[in-house]
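Chains as they are written, first to last, in this note's numbering: chain A, 5 to 166; chain B, 4 to 1047.
Careful, some of the hints might be misleading.
[As the list claims (entries may be wrong)] Once the Cα atoms are required to be at most 27 Å apart in a straight line, the calculated DSS-like pairs of lysine-lysine come out as: (1) Lys638(B) - Lys41(A); (2) Lys616(B) - Lys638(B); (3) Lys638(B) - Lys69(A); (4) Lys726(B) - Lys80(A).
[Unchecked claim] Non-contacting residues of chain B with respect to chain A, defined by C-beta distances greater than 12 Å in every case (computed): (5) Met11; (6) Asn24; (7) Asn64; (8) Glu157; (9) Ser298; (10) Ile339; (11) Leu371; (12) Ser380; (13) Ser502; (14) Glu604; (15) Leu621; (16) Leu631; (17) Thr735; (18) Glu985; (19) Gln1014.
Note that these hints are calculated values from the structure, not bench results. Cβ atoms here follow ideal geometry from the backbone N, Cα and C, with glycine treated the same way.
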Amino acid sequence: MKILRLLIGEKPYALPISFIREILEETDYTPVEKAPKDVLGLMNVRGQIVTVLSPAASLHCSDSKETSHKRIIILKRNSDLPEQQHFQDGQEGTAEDLYAFQVDKIGEVVEINEDQLKPIPGNTPEFDATFLTAIARIGDEVIPVLHLKNIILQEKQEERAI
Amino acid sequence: MSHNEEVMADLIEESLEHLENIEPDFMEMESSGDATSPDLVNRVFRAMHSIKGGFGFFGINNIVKLAHVMENILMRVRDGNSAINIGMVEALLAGCDTLRVMIEDISSSDTVDISLHLKQLSAYDEGSEDTTTHNKEKKTTVNKEDEISRLPQEHQDLVRERIQAGDTLCVITHKDDDKELLIKELDSTGEVIHRGEIVGHPGVLFKTVMDRDMIKMQLDGKDVGVYLIGKDPLPEPPAVQQQDSQNETSQQDHKGHSKSADSIRVRTDILSKLMDGAGELILGRNRVMDLAEQSILNIPGVKDRLSVFKDNLSNSKQTLLNDLKCTNNKSNIDIIEKEYMRIVGLVENLLSTNILEAPGAGTIFQNLSQVSSELQSNIMGTRLQPVSVVFSKFPRVIRSMNQKLGKEIDLQLEGEDVELDKSVIEGLGDPLTHLIRNSADHGVEKPEVRENKGKPRKGIVKLSARHVGSQVHIIIQDDGAGIDTSRIRAKAIENKMMSTEEADALPEKDVYKLIFAAGFSTAQEVSDISGRGVGMDVVRNNIENLGGRIDIDSILGIGTTLTLILPLTLAIIPSLGVDAASKRYVIPQVAIEELVRVTPEESHERIATVGGKPVLKLRNSLLPLVNLREVLGLKSEVSDGKGDVIEDRRQGILNRRSLELTLTPEDSPPSENCHRKSDRRNQKTGRKYIAVLKSMGSRYGLVVDRLHSPQEVVVKPLSERLKQVGVYAGATIQSDGNVSMILDIDGIARESQIRLDEKMIQSTNEHVNIKESQTMLEFKFGTSDHFAINLCMVSRIEEVRQSQLQKTGDQEFIKYDNNSLRVIRLSDHINITPSQKDPERLFVLVPRLVPQAIGILIEKPLGVFETDNDNTIETMDSVGVHGQQVIDGRMILFLNLFSLFDKIEPNPQDKHKSKNIFKGKKVLLAEDTKLFQAVIHQYLESLGFSKVHTVSNGALAWEAMQEDDYDLVITDIVMPEMDGMELCRTIKSSDTHYETPVIAVTSLLNENDRQTILESGVDAYEQKLDKNTLGQTIEDILNNRESA
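Only chain B is shown next, with the shape it has when bound in the complex (with noise of 0.2 Å):
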């Protein structure tokens, strides 16, 4: 690129973003009027005059003409000599959209044709130019004559005459340092006539064709004066005074070019490099780390050498001994093999440690891994840009939108300060612009209409993004009609998309996502803004790009709700590492609803075939399967008949060491193999494990042999050949150095031909689902776990100093209400990381409902969530939690307590256990919620029930009871189907098991609910993780009927 190609290019940026930029001050002066502030409109003044020079001086004419008129009028704004209106900003942003267009083809700027603009300009620009100028010179007119005889004598005919032609002469001062560089830039575009002193100053007297603007553009971020002979008052000669008032010009306008030094411009494909280079940093310490931790003997070559040293040591020893068996000496023949074993024992343990084990080696390591961590995420943080880069543009598309559509729309931006990666941000712009009109177009009525409804007449369209884990959304949220599902079925019918039962049956929020299917609009009138039947599948699949995903909601007649979630950057992701045959795969995070775990025992409850195809059942659907090997091609399993991976056991010794490797997540400290534990509990044959997909296109569960930790991964775009495949998404190196592939989740579901299963199966769902929330507390604890418990078994949390634990034996106590409490630390008793260091203020989580007394150190609480998602719940079986699942992005353990604290407090007094009364008697347990279906049924087996039997709903028990006579009915409240209240109104009600007692558990108790739960005639209410007073509650009642 020449020095010019490159100035240009440069040039073209900049001007782009100004005319971004000033695109919202120009709405801004059409709402605020004449109360506009001049920072504003001087703001808007200086961007168009800056197009208006850089343009000019490559004498690009038809932009320059252009810019020309806008600033003029611009100006006339600025020095209050033309009042705001909408007439010209409307002409103004016309003349905006035009410049653009111009230079974004500066090759064929000349051919554009401008004169409409400029006729409609002009009208705003009465005063026209040659009034504004005269103004102004009125102001600075000076002597001309006065002034050229300041001039050196030589040189004043030549300035007349000059002057006379038209030519432009000026005199520009300088700082002593900056004169050959600015003579030499001078020189290329004039004359220099004078140089050293002019005036009394440093400087020169220069000829140019240029006007003023130039000049300065020209000598732009340097520190000069320039001065036109006749316009401008030449510089007085310096005085000790003036002397002082120059610097302090020259110091002002310092600051404002030191400003402008805080950022420079960066080639985005050095970034690129950069971030790549940053990523490579990255798994080089991951490889760094993994070989330290190993012992130096490990390291390929060194037993080899090791032997060798041996044998050789061993040769000298016997030549040694066989001369001393000469002389016969017995003390010192029983030396020479001490000291040959102890050599050799010296040499085999220095070869066992590892090199973290040196001295200082671990500081070493931690700073290593901290620095590349940080540069990692500053790079990542230069690509970074806020999205009101891409929001600034919407009041522009809503306001013209409200002029055509005759619509009164209000956007309300949020959020404009979340940033996304410079690639994300670029990608955004379209399906974005496309979405916001469509809720402007399709979403909100027309102002009559609204009024009709009795809604405001002026409709609200927000916008707003905010972050969500490591993922951002983006919400487009309107109050309009909502999407009316039934003229979506109807247009599908009528497009031959489904039959009309087909397309009855479809739930609704399926019905949404044939929007996004292509050539399909319901616009009922097609306008020149939406309603082509082209877009909405380009905006899917532009968003899937990207690596995210929409979701809607929608109230009919309230309002749509578009829910864009997309990863902070395309080059790194968060993910979950699984395998199948041995082989690590990634899948993206984002793509993950929940992990479920279904054991050999379960297999047959959950996993049917429907069409031939498995599926999985999901709370009340069914979830097409697709195994991960079956799709890959990979060695099926052989099956013991138990359900056994035998394949799998003998490719897992086989691979131990290399899997073993693999299984360190990217940022485990060096020391911690953890994850190689937790990976073991995993391990367990016959178990299933599914990662519940979601995509744009499709929803079904993928089997895989095992799961690992969640990580991030560097993603590295496939070549060519591999993209054709058409299942991987990308590659990314693992810390072993070895390559995984990133999976394709809607790949995948093409490969597997699921779309087609996906349609029947939800035909065949037609339960509605009720669901109970939970609200889960989360907190931290140890270097990356998130955890959460119940909030109702949280009595309360203290803040404490670590200078209050005190140790007594290996158990550690706090005082608590003039009381010690016996206060413990996860890592102890769950296979987790530690904290390298305890913070110097902890928090005790003090749980309720729990018959120790134990209180739980953690690092902090982090709030509340609230989940309904149970089923998640058992992809672990570890003493002490339920299981793990992705929450918005974060991992997060469920805590187990009861199995936690039986464990360290074996045997607590439980009054109520394996009472006699218990004795063979039956109960049954009406429990959606698995999370207290295990724990009640535990519960209960332990107290010596004869029989315990679970079911998921209302419906359930009662066709249980009609086949099995039980002693005692055990109900929740909130269930699907038949929920607890109606199940015990069934039951008090039937002729035949009136007499059964009924015992309501639920988790939540106030008033009103407490009379709904007694009118039902339930025989007690308990509440449900509180098991010593359920046990008395099913002992009373027992001993009632007993006695009765």
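Pulled out of the complex, with its shape left as it was, chain A reads as follows (with noise of 0.2 Å):
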């Protein structure tokens, strides 16, 4: 499989590219005052409304100060996917409406093969399991891969405050 590394806060994380629809340099959105703290707000991509996310808010990453890199990745809506690539490598599919992430550096795509998906080691407080799928190997590196559809739909959160 295929996955786009990037920086959340100054973390590096990664997410696999079959999900992604398109990546933006723009981020120019429109706030959503009431909107939850993950909720960023709105945006007008050629016509149809996205929702943007901060990850960083849900993995408790600061805001990195450096502006000039942030992208906005626009993620395929579940009926985008291919009925089986829902449930792949962790992941649950996306969510029926578009969402998107912003963070804040993309790096280079890189193509792992399934033995360097480790699973999250249990009771390391680094990783929060409720947002991740796995840790991606790569050389000495280890890069925890982002569990879309929690992210988005924040759905065990509650379980998490547990």
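Combine both chains into one complex, guided by the hints.
In structure tokens:
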């Protein structure tokens, strides 16, 4: 599988590129009052309204001061994903609406084998398991892979709070 | 989806449609009995027949069985072998219901028990199938052997054998070009024994197990002839004549088919996508327009390139000059300097133009604009369905209720051709059914009860639909018992929803709202039709989900009227843009009752605090206020003590560019910037703009910083995460590409906890509302603007031709009564969009009661409407305009002719002005209508009175008279609290003030009124808006006093 490396806050993460619809350089969204903390706002992408999320808020990363590398990654809808892709590599699809992640920097696309994906080590506070599917081991590096559905819908938030 | 599944899906949809369509036909059959038109019976028969055939093809046995019996009954009726009776229709309707159930769930259809239906139905099918088929066969029986002998020799034995064995053998004739397809199709359901030519026609010999109907079904839509061997006479070999007749029939067939080809089925999700696309196109168009309006210099990057160009040019100039300096030729240097300046000037000039200035660009853009608007409305049109789709099921509902409840109710339908978006129509069925049932069950009384009350035995439930502006009203009206508010109050107390005191204090209109609370039912007996306490709250939710609301009106003993106010479509809604903290939000127009402006001076008087929350004094009631900034947690305003908004001003400068863009409404033509101007008008600091909002659950005033022009917006649904926020109903894309949130009116009320307050406020409001209604004339001028003026100010309206207009200087005149009348165009004096071109025929509105003789050019008068809603009339202050108001979904500007004409022709001789007699005199004005208050107050001041005090009713006037001595009282007649005549009687019968002269002013005068007014003891009465005579009367009266 191919994953895209990226920075959220200062930390490296990755997400599978097969879930990406497009990546925008423009990060100009309309903030929405009263929205939950991780919902940054709405963006008009060629007539489609996209809800822009901040994975940094979910992962408790501090926002990067540097803004010039920020990108908006628009994710595919469930209906745009091939049926078999919903549950692949620990992912559970995305959502019915269009969502996007604002990330602080994007890196290169890396091809990895399935055996490079390791389960998330238990009891490591460093990695919040709710929002991750696995750890990708690339050379000496370990890079957490984002759990898209959980970050989008925040469904397991209560569980996490316990 | 496989081919079969697709066919099945179509079949199901089609069959359900058939069932829906024939239901009213059954009702018709029942009421007309044997007088039912054969066409109708035939139509029902055909529908049932195609249901049977279709499902037969797929082998869905239960459906086929039931449909078959029903078809037989219908056939007997059609052929005159059976008489229609109530029991029969009953059984058929019941059969339809079961068919529907089975068709909706095909997979379990065979488990449905239809034996009871079959038994009931077979009672009306006595003749039994055999006899009918036998009869039919008799008519058509042919000599089998003769026919077989006409077939090709080699197949004759086989044919005999197979017919014996029970197969169907038939000759199918076709047109040559259809052959391939036909044979392919037939091969899937049987065997083609012979092809090519048969009995002298192009055709095939076909063996199958299907019966005639199925074969026809399969070949439906093809130009073929089907002849069952042994049953039908085979076609004669073609002779010239016969060829003709064959052609004729085939042509007829063809006609039938082409008729059905006029419409095709389109999947609704495709339509939705088209609709979205069209919406985008409109947005795109607006953005292109915005761009085109800007000068090229403003396009990002152009300025930079221009300066690079200038630098380059300047460098080359310098090099040239350096070279020339050696030659020391002064004139050449001058030429180069000049040329340099000229080139730079040319380029800058070129870049400061905009695309619209290019020749022909205007037309191109206008075209684009028009085409995209048309496209949008056409696509919207494809989604529209007539309300008859929903209405048609109600005769049945009422009929069954009549039977179950022993009532005699007539259902009257009206406006069934009014069209609504498919999504609205679909969502309407359940709530409407509930409301209709309620009307029939709780509303209309039993026949005996009605007779006792002196009403006709037959009750009436009227269901009607009509267009009102960009909305549709669906009205359910019954002439039943009405809603007994005392029972609702009692129930509310019983349910512990409120205390006895609270319930007693609740105004009637709000009592009705309680019906929509969850778990509320007042039906004394619970029937199986209604009264289970669930429903009305669900109805309310359903209607709100469709973006609509419900109004209830009821008179005890006379009847109840429910009005559903619905948007035409869910995708595009008329709306009003508002600003809070320089951010734009959108309010659906369906929720807006009126718009109110409160100036800083009025603020103390009109905005009060009740229970720690701000309220607006609106006529005789208090309205809870919600500040949009606060609800949304936006930066609150920084006040400089006078109520001026500093924050706002600063923001305004920062965002001027982006703001100006957002101000352009969707459909404004490219070259107009009037809306920006009109917006500046709204920008006066310290003003509060309040949109009075009404939804099912709440009524409150939303305080915003700014109001924009009304616009149509494309509603985009919110993502799951944002739906949960609760204060937004959707989002939309503005013409500059920015996203704006559409506010959820009830959500905001919930967020700010309005509901509790509202109850309390209402209980403090005990005044009875007496309002004077104004008759206004509405007319159109300019591209999209609607205006209104008080009808009593209209002398006449003349139709004129374009050619009758004469221009003298910059003024226009028209021949009128042998005089020349000056006419004006509103667009020259008020900030509105003028028409591109005058229509050939125009109208001139000639006003009265104004000193100036000026006519107003209008496009056309649109009609009159009544309004008692004068508070709205103050949301703008612009010369010539009182304000704007939303009436039935239209935004209407109310003209102030006095200020308009005073501006156009100042100082008309007003002989009463500033005479000494008014000096030092005090006058008291009692008038409740804001419009007249302002006009008369202004006029009295202009006369030179030293004090003009204005109050809004008789009681307040009497109070004021205790505090100060007035030389004159001018009073309106119709006012709340204490009317003008009572005020006058009070004054004249008092010991202290009986000498104070009273002038009554009124907008309507007939003989009766005149008499009553005079009897009250007034010194004079005058028509309200006739300033000159009013001035004269005041002068006369004061003179009389002086001399006395």
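Hints versus structure:
1. Lys638(B) - Lys41(A): holds, 17 Å
2. Lys616(B) - Lys638(B): holds, 19 Å
3. Lys638(B) - Lys69(A): The given pair, whose Cα atoms are some 24 Å apart, holds under the 27 Å limit.
4. Lys726(B) - Lys80(A): holds, 20 Å
5. Met11: At about 22 Å from chain A, Met11(B) clears the 12 Å cut-off, so the statement holds.
6. Asn24: The claim holds: Asn24(B) sits with its nearest Cβ about 34 Å from chain A, beyond 12 Å.
7. Asn64: holds, 34 Å
8. Glu157: It holds; Glu157(B) is separated from chain A by about 54 Å at its closest Cβ, greater than 12 Å.
9. Ser298: holds, 24 Å
10. Ile339: Since the minimum Cβ distance to chain A is about 44 Å, Ile339(B) lies beyond 12 Å and the statement holds.
11. Leu371: It holds; Leu371(B) is separated from chain A by about 17 Å at its closest Cβ, greater than 12 Å.
12. Ser380: Since the minimum Cβ distance to chain A is about 19 Å, Ser380(B) lies beyond 12 Å and the statement holds.
13. Ser502: holds, 34 Å
14. Glu604: Non-interface label stands for Glu604(B): nearest chain A Cβ at 31 Å, farther than 12 Å.
15. Leu621: holds, 27 Å
16. Leu631: Violated, because the least Cβ-Cβ distance between Leu631(B) and chain A comes to about 10 Å, which does not exceed 12 Å.
17. Thr735: With a cut-off of 12 Å, Thr735(B) comes too close to chain A, as the shortest Cβ separation is near 9 Å.
18. Glu985: holds, 52 Å
19. Gln1014: It holds; Gln1014(B) is separated from chain A by about 61 Å at its closest Cβ, greater than 12 Å.
Consistency with the previously given hints fails for numbers 16 and 17, ordered from lowest to highest.
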